[in-house]
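Visitor: Listed here are the chains, written in short residue letters.
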Amino acid sequence: MKAAGRYEPYSYFQLMEVSLRELLVDKGIVTEDAIAGAMAIMRARGPERGAAMVARAWLDPAYKERMLENGGAAAEELGFEVPGLKLIVVENTPKQHNVIVCTLCSCYPRMLLGIPPEWYKSRAYRSRVVREPRKVLAEFGLKVPPKQAIRVHDSNADMRYMVLPMRPAGTEGWSEQRLAALVTRDCLIGVAVPALPKKPKSRKS
Amino acid sequence: MGGLPAGKVRRAEHAYDDWELRVDAMMMLLVGVVGGNKRMTVDELRKNIESLPPADYDKMGYYDRWVISLTQTMIQRGVITTDELAKKLAAVEKRGLSPISRRRSKSAR
Amino acid sequence: MTMQKLGTVPIYNVGDRVRVRKAAPLGHVRTPFYIRGHAGVVERICGAFANPEELAQQRDGLPKQPLYRVRFKQKDVWPGYRGSRSDVIEIEIFQHWIEA
Chain F
1 MKAAGRYEPY SYFQLMEVSL RELLVDKGIV TEDAIAGAMA IMRARGPERG AAMVARAWLD
61 PAYKERMLEN GGAAAEELGF EVPGLKLIVV ENTPKQHNVI VCTLCSCYPR MLLGIPPEWY
121 KSRAYRSRVV REPRKVLAEF GLKVPPKQAI RVHDSNADMR YMVLPMRPAG TEGWSEQRLA
181 ALVTRDCLIG VAVPALPKKP KSRKS
Chain W
206 MGGLPAGKVR RAEHAYDDWE LRVDAMMMLL VGVVGGNKRM TVDELRKNIE SLPPADYDKM
266 GYYDRWVISL TQTMIQRGVI TTDELAKKLA AVEKRGLSPI SRRRSKSAR
Chain S
315 MTMQKLGTVP IYNVGDRVRV RKAAPLGHVR TPFYIRGHAG VVERICGAFA NPEELAQQRD
375 GLPKQPLYRV RFKQKDVWPG YRGSRSDVIE IEIFQHWIEA
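Which chain is which? The protein sequence lines are F, W and S, in order. According to the numbering used here, the stretch in the first sequence is residues 1 to 205, in order. According to the numbering used here, the stretch in the second sequence is residues 206 to 314, in order. According to the numbering used here, the stretch in the third sequence is residues 315 to 414, in order.
Do not rely on the hints blindly, as some may be mistaken.
Just the calculated beta-carbon pair ranges, DEER-fashion [to be verified]:
1. ARG215/W / ARG373/S: 32 to 40 Å
2. ALA353/S / PRO145/F: 40 to 48 Å
3. GLN177/F / SER400/S: 32 to 40 Å
4. THR286/W / PRO146/F: 56 to 64 Å
5. LYS299/W / ARG373/S: 35 to 43 Å
6. THR287/W / GLY28/F: 38 to 46 Å
7. ALA217/W / GLY351/S: 31 to 39 Å
8. GLN372/S / ARG123/F: 22 to 30 Å
9. ARG282/W / ARG123/F: 24 to 32 Å
10. GLN372/S / PRO145/F: 43 to 51 Å
11. PRO200/F / ASP263/W: 38 to 46 Å
12. ALA217/W / GLY46/F: 16 to 24 Å
13. SER400/S / GLY141/F: 20 to 28 Å
14. LYS135/F / LEU376/S: 54 to 62 Å
Straight-line Cα separation of at most 20 Å, EDC-like style, residue types lysine to aspartate or glutamate; simulated pairs [stated by the list, open to error]:
15. LYS121/F / ASP223/W
16. LYS264/W / GLU118/F
17. LYS86/F / GLU48/F
18. LYS121/F / ASP263/W
19. LYS264/W / ASP222/W
20. LYS243/W / GLU368/S
21. LYS299/W / GLU289/W
22. LYS213/W / GLU76/F
23. LYS293/W / GLU22/F
24. LYS293/W / GLU32/F
25. LYS121/F / GLU255/W
26. LYS378/S / GLU368/S
27. LYS387/S / ASP330/S
28. LYS121/F / GLU139/F
29. LYS64/F / GLU76/F
30. LYS243/W / GLU132/F
31. LYS243/W / ASP374/S
32. LYS299/W / ASP26/F
33. LYS292/W / GLU76/F
34. LYS293/W / GLU172/F
35. LYS299/W / ASP288/W
36. LYS147/F / GLU368/S
37. LYS27/F / ASP288/W
38. LYS387/S / GLU132/F
39. LYS95/F / GLU118/F
40. LYS198/F / GLU172/F
I should point out that these hints are in silico values taken from the structure, not numbers from a laboratory. Keep in mind that this is a model prediction, so the values were computed, not measured. Glycine included, C-beta positions come from ideal geometry on N, C-alpha and C.
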């Protein structure tokens with residue numbers, strides 16, 4: 001636990017956190033161990049599990065179909081514990097690009113992918129990506145051509161969403177692991193697409 | 206909030222402070238995502254966040270809003286009382302955030 | 315057979331054209347303001363879920379309500395929308411927020 005000494009400024013909210021936690025522990029509602037355990041779970045969650053599902057889907061069409069049918073079950077199939085997750089996986093195609101938002105708060109498949117990035121929870125993203133998705137995606141560096149329709153998914157109730165990006169060209173014969181490494185968190189939210197790592201320019205000797 | 210005018214999306218990210226992760230952990234425990242001692246629903250958390258005055262909402266960070274909402278919910282649920290909270294806030298403020306610092310200063314004598 | 319609290323039976327089907335109620339009640343609501351009053355097409359039936367409006371008030375939100383994903387054309391939702399005519403937005407709408 002990070003100790004804030006007498007001379008280190010802290011906020012009202014940090015004071016509230018300590019006070020709430022101590023009251024709950026004193027009353028036996030939670031334990032410090034349980035809190036530490038939950039923190040460890042979220043620290044260990046990142047986009048890797050989503051990336052693994054995408055790589056599997058790219059290599060195994062039957063898995064892909066199952067994943068599009070029931071995302072939560074597909075996650076569990078790969079050994080990821082996501083009790084109660086109602087996951088809808090939406091597929092990018094040459095005709096459509098998907099992007100995810102929660103305008104009402106910050107709903108995100110947390111148990112699969114971890115805590116969402118700050119910008120996903122921001123007023124700017126939540127307000128604008130539903131209304132002007134192409135402009136927001138362009139600000140992220142993603143230009144979606146007019147022939148590709150944009151599907152925005154507002155995660156406003158019980159379902160959670162993940163994007164299945166298209167497999168980039170030039171990855172024929174790649175291993176599942178190598179493919180998964182191309183899939184970033186931003187690809188799974190839909191503000192980026194997987195790109196091959198840039199080859200370093202060869203020196204002319 | 207969808208559709209309202211807003212500025213550019215600021216993409217700079219920061220690692221979460223421990224206290225923020227503790228708020229996140231308390232939410233997971235109290236909502237029953239882990240731990241099996243469900244005391245509230247995530248819907249109550251959301252409702253209490255939505256009830257924050259708009260001016261405050263904008264000034265507060267994400268976990269600032271969560272810790273206020275969680276505490277409100279615990280009061281609403283009768284898990285803690287306002288008076289208990291008042292006494293605890295005063296005690297923590299007096300001694301400092303960590304109980305360890307207090308113990309250290311005692312043994313230093 | 316035990317009598318369980320059955321979820322309300324879904325009354326809309328995939329492909330149905332539906333309109334979201336235009337209402338502004340108090341309390342906690344999961345139907346975004348920007349979509350109220352707009353019409354779209356049911357994309358899928360998500361299942362039945364406890365009513366979040368009630369869960370927020372410490373009630374059990376039962377019987378579960380059918381939840382649909384409804385697809386709206388962006389050009390119908392936003393005046394002066396400047397994307398492609400085929401751009402859509404898909405949102406989860408509870409049955410009781412769909413106009414009869």
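Visitor: Could you check the structure against the hints above and give me the numbers of any it violates, in ascending order?
Guide: Violated hints (numbers, rising): 2, 6, 14, 22, 30, 33, 34, 36 and 39; every other hint is consistent with the structure.
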